[in-house]
Amino acid sequence: MTDAPILIVENLSKSFGALKAVDGLNLTVQTGELHAIIGPNGAGKTTLVHQLSGQISPDSGSIRFQGLDITKMQEAKRPHLGLVRSFQITSIFPQSTVLENVAIAVQMQSGHSFRFIKNARADKSLSDPALSYLQQIGLESLANEPAHTLAHGQQRQLELAMALALKPKLLILDEPMAGMGADESAQMVSFLKSLKGTLSIVLIEHDMDVVFALSDQISVLVYGQVIATGIPDEIRNNPKVRTAYLGEEE
Amino acid sequence: MSNKRNTILLVLLGAILFTMPLLLDAIGQSFLLGSATRILIYAIAAMSLNLILGYGGMVSFGHAAFFGVGAYVTGILSFHMFEDTTIFGLAGTNSAAIAWLASIAISALMALIIGALSLRTTGVYFIMITLAFAQMIYFLFVSLQRYGGDDGFMMFDGRSRIAGLELGDDISFYFVCLAALAIFAMGFKTLVNSRFGQVLKGCHENEPRMRALGCPTYRYKLVAFVIAGAGAGFAGALQANLTEFVSPDYVHWTRSGDLLIMVILGGIGTVLGPFFGAAAFLMLEEFLPIIFKGLGLPLLQEHWRVVFGPMLILIVLFAKKGLYASLMDWGRRKND
Chain F
1 MTDAPILIVE
11 NLSKSFGALK
21 AVDGLNLTVQ
31 TGELHAIIGP
41 NGAGKTTLVH
51 QLSGQISPDS
61 GSIRFQGLDI
71 TKMQEAKRPH
81 LGLVRSFQIT
91 SIFPQSTVLE
101 NVAIAVQMQS
111 GHSFRFIKNA
121 RADKSLSDPA
131 LSYLQQIGLE
141 SLANEPAHTL
151 AHGQQRQLEL
161 AMALALKPKL
171 LILDEPMAGM
181 GADESAQMVS
191 FLKSLKGTLS
201 IVLIEHDMDV
211 VFALSDQISV
221 LVYGQVIATG
231 IPDEIRNNPK
241 VRTAYLGEEE
Chain L
1001 MSNKRNTILL
1011 VLLGAILFTM
1021 PLLLDAIGQS
1031 FLLGSATRIL
1041 IYAIAAMSLN
1051 LILGYGGMVS
1061 FGHAAFFGVG
1071 AYVTGILSFH
1081 MFEDTTIFGL
1091 AGTNSAAIAW
1101 LASIAISALM
1111 ALIIGALSLR
1121 TTGVYFIMIT
1131 LAFAQMIYFL
1141 FVSLQRYGGD
1151 DGFMMFDGRS
1161 RIAGLELGDD
1171 ISFYFVCLAA
1181 LAIFAMGFKT
1191 LVNSRFGQVL
1201 KGCHENEPRM
1211 RALGCPTYRY
1221 KLVAFVIAGA
1231 GAGFAGALQA
1241 NLTEFVSPDY
1251 VHWTRSGDLL
1261 IMVILGGIGT
1271 VLGPFFGAAA
1281 FLMLEEFLPI
1291 IFKGLGLPLL
1301 QEHWRVVFGP
1311 MLILIVLFAK
1321 KGLYASLMDW
1331 GRRKND
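The listed protein sequences derive, respectively, from chains F and L.
Quick note on the working numbering: the first sequence kicks off at 1 and runs consecutively.
Quick note on the working numbering: the second sequence kicks off at 1001 and runs consecutively.
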């Protein structure tokens, strides 16, 4: 591993009509770090995620991933480079089983799917890795349940398992703990801790305790711009941040 | 799971279909063999629609277009064979191997073009644009004066030829269609269980998620659309052979509606559902007027559709998951 940043965002802007959701945003994520992005509601966090994942394209600015300019790259190509996201609002395959949900992610990671003959459901090269991701996250006992029968927190975990099955180099987690209970949240935090160091993570999160416990770096997003970046202690003591964001809570 | 019941159903169905010519002969109704053959053919067309409708979630309201293209290709080749003329510099043919493959290839090509444009839209827009394309093809056929315009044309050369088989014999032709349906159904089952099938189902359930997983969904949906179009084209070639007659009526928009009803009636997203849907639909269409005649209700005999429509609605209301699912669940408690 070199010290080169895995992600460099420069001068990124995106407007919706008169609203500048992201306005000249700069962000650098170092390889291997867990970089949290915090900010009040409407700061542009999810718009940023959508642009990183390619779901919407920026008005201007650039996104470079591992030195490659991906600003205009199609959404579906990015996961194959190792840039993988999860969704703020749970996005799974509700009618499929838990195992099938992860198996399709494994399948996406293992080449094209113009394969018409071999039975994919009986394919050990898909189900075995899928099962191991479920074990990793603690859902293996529910492998054969339809995904829509899972509790909300379990669906969030499933979503993460699907993301991991894509073997990400940079994982963008959009509020992975949204709507979770305290127990589930704590479980997720310890799981994310166990992931640290194995890959780079961009974490969008509201819960300050979680952010300060997990992050190597924190960027504070306000009105579409990063107003401060630093290690947790620096952010905690930054007066600009306190007035703009943390002040409201304390 | 209901695997055992499925096997019983399959064996029973296979036995009935395989002995159909004998059964009809035994009850002295051999003339119904044509209707039975028609059910097999429409089952192939409905199955092909089910690939995109039931598995891919694409509501195509123009599927009859590919059925019609298939029928016209086989019909036109036969027409020129009989006339001993050429089309685009090519001689006509009555060889099943060539004509049917040409039907499949050209309907696949049409599906590629129509699909490539239509799949840029979704939802109601997709429904409307597929309907619009089917209407374009309908009016194209109507305008072909050489081939009878809106009257269509007879295949005076008779059915296609296969070495060693006499397709002009209704029983032989029935078994060719039965074999075609069996092969198509097995291929279909293989396809929906393959990796390709998983992608298609994923696109149906949650397409944005598929893209975020790194799947270029458009091209997978397009390939499914082409396969479905090719299947319908094959069914069209068989239908042209069955009636030895081809007309724009095959492409009429109500035909696309019929195919949709067959799929929904039989069971969307199931391998065998469309077969039951096609069988129920075509049998009702055939026998309702006869039943009303037998009951001495001439008014209903003439306006049998007045009863047909509400019957379809009732079936769909009470057998929500389709006839196939109802057969599988029949006599079973709800709580399992």
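None of these hints come from the bench; they were simulated from the model.
One or more hints might be untrue.
[What the hints assert, rightly or not] Chain F stretches covered by chain L per the calculated footprint, using a threshold of three residues with CB under 8 Å from any CB of chain L:
{"#": "1", "region": "64–77"}
{"#": "2", "region": "86–92"}
{"#": "3", "region": "103–114"}
Since the structure is predicted, the reported quantities are computational estimates derived from the model, not experimental observations.
We treat Cβ as the ideally placed atom computed from N, Cα and C, and that holds for glycine.
Hints, one by one, checked against the model:
1. Counting residues of the region 64–77 of chain F whose CB lies closer than 8 Å to any CB of chain L gives 4, which reaches the minimum of 3, so the coverage claim holds.
2. Coverage of a stretch by a chain is defined here by at least three residues with a beta carbon nearer than 8 Å to that chain's beta carbons; for the region 86–92 of chain F and chain L the count is 3, and the condition holds.
3. Only residues whose beta carbon comes within less than 8 Å of a beta carbon in chain L count, and the region 103–114 of chain F has 8; three or more means the coverage holds.
Figure legend: structure checked against the earlier numbered hints; every hint is met.
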